[in-house]
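Chains as they are written, first to last, in the numbering used here: chain A, 1 to 390; chain B, 1001 to 1390.
Simulated from the structure, these hints should not be mistaken for laboratory data.
Some hints could be false.
[To be verified] Some chain A residues judged to face chain B by a derived CB distance under 7 Å, without partners named:
1) C72
2) L99
3) H102
4) Q131
5) N150
6) H253
Positions of the beta carbon are idealized from the N, C-alpha and C atoms, including for glycine.
Protein chains: 2
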Amino acid sequence: MRDVAVVGVGMNKWGELWGTSLRDIFVEAALKAMDDAGVDRIDSLYVGCMSPGLFVGQEHLASLLADYLGQCPIPAVRVESACASGGMALRMGWMDVALGLHDIVMVSGIEKMLDVDGAGATYALATAADQEFECYNGATFPGLYAMIANAYQKKHRIAAERFRDQLAHVAVKNHANGHLNPNAQYRAKLTLDDVKNATMVADPLRLYDCSPITDGAAAAILCPLDLAKKKFKNHPLVAVIGTGAATDTIALHDREDLTWLRSTEVAARQAYRMANVEPTQVDFAEVHDCFTIAEICVTEALGFFAAGKGGEAAMAGDTALKGKKPVNTSGGLKSKGHPVGATGIAQILELVLQLRGEAGERQASKARIGLAQNMGGSGGSAVVHILKAL
Amino acid sequence: MRDVAVVGVGMNKWGELWGTSLRDIFVEAALKAMDDAGVDRIDSLYVGCMSPGLFVGQEHLASLLADYLGQCPIPAVRVESACASGGMALRMGWMDVALGLHDIVMVSGIEKMLDVDGAGATYALATAADQEFECYNGATFPGLYAMIANAYQKKHRIAAERFRDQLAHVAVKNHANGHLNPNAQYRAKLTLDDVKNATMVADPLRLYDCSPITDGAAAAILCPLDLAKKKFKNHPLVAVIGTGAATDTIALHDREDLTWLRSTEVAARQAYRMANVEPTQVDFAEVHDCFTIAEICVTEALGFFAAGKGGEAAMAGDTALKGKKPVNTSGGLKSKGHPVGATGIAQILELVLQLRGEAGERQASKARIGLAQNMGGSGGSAVVHILKAL
């Protein structure tokens, strides 16, 4: 098995990109990653995307994007695991390089979500839940995560007002980080009061507890570590030292414990074992904060904090940029935006910038080992990667 | 790199399965493959599916199916490359086993196409073409393949009537084979006159030149060859000895030569090289006959026949079950049906049955090396696998 390095990363400025098509957004991000690595061709392409069929009426996406990037006849394939599609694309590309099939492999993610109206986007996103048992009965993701939030508050016996504060601290912290990220969709700083008084979406989740609808893409270039040492000297070396992936019941109601993200726990355990790293050794992380409650549950399933203590840690500032374990230095899904298929790759971009010491104003003080956790649906799938600065 | 064996295969009876849901169709095929191998668990799952979002409103498919197969928390991911999704799922599963990530890996394909009406199915399928430049201008796949057919007839200066005969021979041959396949959707034998007098769809392609709309699934179990030799002794051994994948411009109009399937040529070259096999050494093949003209062009791109001679070979009976190079002994997409994501895996099932000598009435007389070619759109992607009886 060959060791794998990340030698280039790129993304476009995320947002509501009415004037730019799916293929142009991709090409912009892909060319930035190729420029960053200093390559003018790739050997194979993996594209993470959740639902180009429902969002823009285009399947067969990897071939289209290989074509528009001028890279035919390279092998190209799309990878889907709902909102974990980007992380899964990285995992497939890592397999490709580790196996020795190809040397210069692009892993990428994209979603163009604004070309349908709000109801269309809600429908498309809901297809990541169980259509026959959850969606049919009217559940959409804000509702499902609100159920997780209510179960969490009840299980851990947290007073309603304190719990509301915990959730708000996650949103405020991620917007504070996103304020420093020029590629983030919503760079506005928020106050605790902004979050606590925002429009109710699904009790207790309010507007600023939810990640937005976003158009965006991100890409990364992988190659064997040996080759990276010889040829890619533009940047400090970054290696992928652990990968893990797992599933859980797709329907939330089938789980023993709504508040425990088993797929994240299992995927993380695999990644920690491969990387030979303990949770305490992880310096910083990008995690899947599709809703504020998600970040709290994820930081527990990753072993950063004990069950029921993730919200307290956020309130104490432990996960802030200057805290003990910075989480979502990029702004996370909350502030940076959440073009679902692209999110997992943009997490990798943030890890790489931090590990290189190139994260500018949002540089974490200690960044030698970083972790990315990407999740599909209400946790029906999860993928975890650990990257290290060499 | 570990050598990889196929130790189990299964599919359901394909057709218009109004009474069975997507998840139930999958579980039926998956359990048959597990029974065939003699395993009660799998380590990871790859699902080829083109558009569950547009066909049944369900993305996040691999997690759903891992759940319904009772296999959580194994890693599971969906792979999409339009009608080549099944072949691409096999390729990802092969990478997984070859790398040593997992030992017992299920590769599968599925599509539930009948739950939308005819216009809905035509729209969903057309998303495998270039939405902005082909579909927007009214092109759908029968039209695109009709353009290939007309270009082929003109380029190779074939008289219209003789060309019509060549196409008809492909349909008649595949239905003769499908008549012997109990899992095929349309087992009726056809005559040349049936095909030549059928309803016109897109000149020169008539009804029986086109593959149908189908509900169906197929699955296969992969494992390392060493493990297969020790533990899987129910059936003769079958190994995957070559894999290749490639892309071409997604839009037909961007190609230099409409009649030459470059992605198939490039993918086949990779697979031949890895397998150390010449086209003449391939005993039989399953190829992507979404339309009769496709089978003709594919057999040329694979190097079985010279350019312009594929139709003549079909007329001469070379590709018939008793011919020199049997093609689509299963009945092909034409007769067996074409649930798009499942097709590439069902091709592998047919190869395995033939290589084991378990294909019953449709057993080819010589079956030591078999090739499967699976194609997306009008050839925007292609994946080729070579399997061998050991």
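A quick look at each hint next to the structure:
{"no.": "1", "hint": "C72", "in the structure": "holds, 5 Å"}
{"no.": "2", "hint": "L99", "in the structure": "holds, 5 Å"}
{"no.": "3", "hint": "H102", "in the structure": "violated, 11 Å"}
{"no.": "4", "hint": "Q131", "in the structure": "holds, 4 Å"}
{"no.": "5", "hint": "N150", "in the structure": "violated, 23 Å"}
{"no.": "6", "hint": "H253", "in the structure": "violated, 12 Å"}
Consistency note: the structure conflicts with the earlier hints numbered 3, 5, 6.
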